[in-house]
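**Student:** Model the full assembly from the supplied sequences, consistent with the hints where possible.
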Amino acid sequence: MSQSKVVDARNTFCPGPLMELITNMKLANVGDVLELLSTDAGSGADVPEWVHKVGHELMSNENVDGVWHIKIRKTK
Amino acid sequence: MSRKIDIVCVSGTREKLQMAAMIASVAAATGDTVSVFFSMNALTYFIKGHTTDAPSEGEFGKLLGQHGVPPFKQLFKQAAELGDAKLLPCSMALDLLKITKNDLDPEFGPPTGLTRFLSDAEGGQLLTF
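Taken in order, these protein sequences are the chains called A and B. Take 1 as the starting number for the first sequence in my numbering and just add one per residue. Take 1 as the starting number for the second sequence in my numbering and just add one per residue.
Since the hints were made in silico from the structure, they are not lab data. There may be inaccurate statements among the hints.
Covered, in the sense of this in silico footprint (three residues per stretch, anywhere, with C-beta under 8 Å from a C-beta of chain B), are these stretches of chain A [claimed, not checked]:
| no. | region |
| --- | --- |
| 1 | 7–13 |
| 2 | 16–23 |
| 3 | 47–59 |
Built from N, CA and C at the ideal position, the CB exists for glycine as well.
**Tutor:** See below:
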């Protein structure tokens, strides 16, 4: 059964949000969805770049009131 | 395709250690093969029990001390734990400091000589901080 989890990395600077995401991604199961919250301006471009390179699935990426909400499904 | 990135850390200033740690952690966690060779003033921060903060080189270094900036030691540790980066102490520096690998943080690999490091780094990208 796949699960959803929020990874709250607000108020940390690069590469803090990405490292938080990767730490949680290692612990997640294939099929799980992680939603990263980040106030680091670069995350909106950098995190999808990492997701693409590593081969997970980017489900959504939006900025709501200065907070990036990036949803990723673990594919492997 | 994964790249090979070799980093040499010699400076003991906060800005240089931070930049090296950022590159090492992000590259390693992205699947690149990363080795970091620590010598000179950079090595002493990784002696067990070392608590002194790295001094700032300039104004920016002070900003790095604020809450929310991941400390360089944490980033190097994550590079090793999440991305299998190798953290290698310079054997000459260990000799001069009169310490052994056992005196360093546990994520450090075997003492390494320059000849070995350069030979392993052949063909990769070498960055020096």
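**Student:** All hints are to be evaluated individually against the structure, with a verdict given for each.
**Tutor:** Hints, one by one, checked against the model:
1. 7–13: holds (count 3)
2. 16–23: holds (count 5)
3. 47–59: holds (count 3)
Checked against the numbered hints given earlier, this structure breaks none of them.
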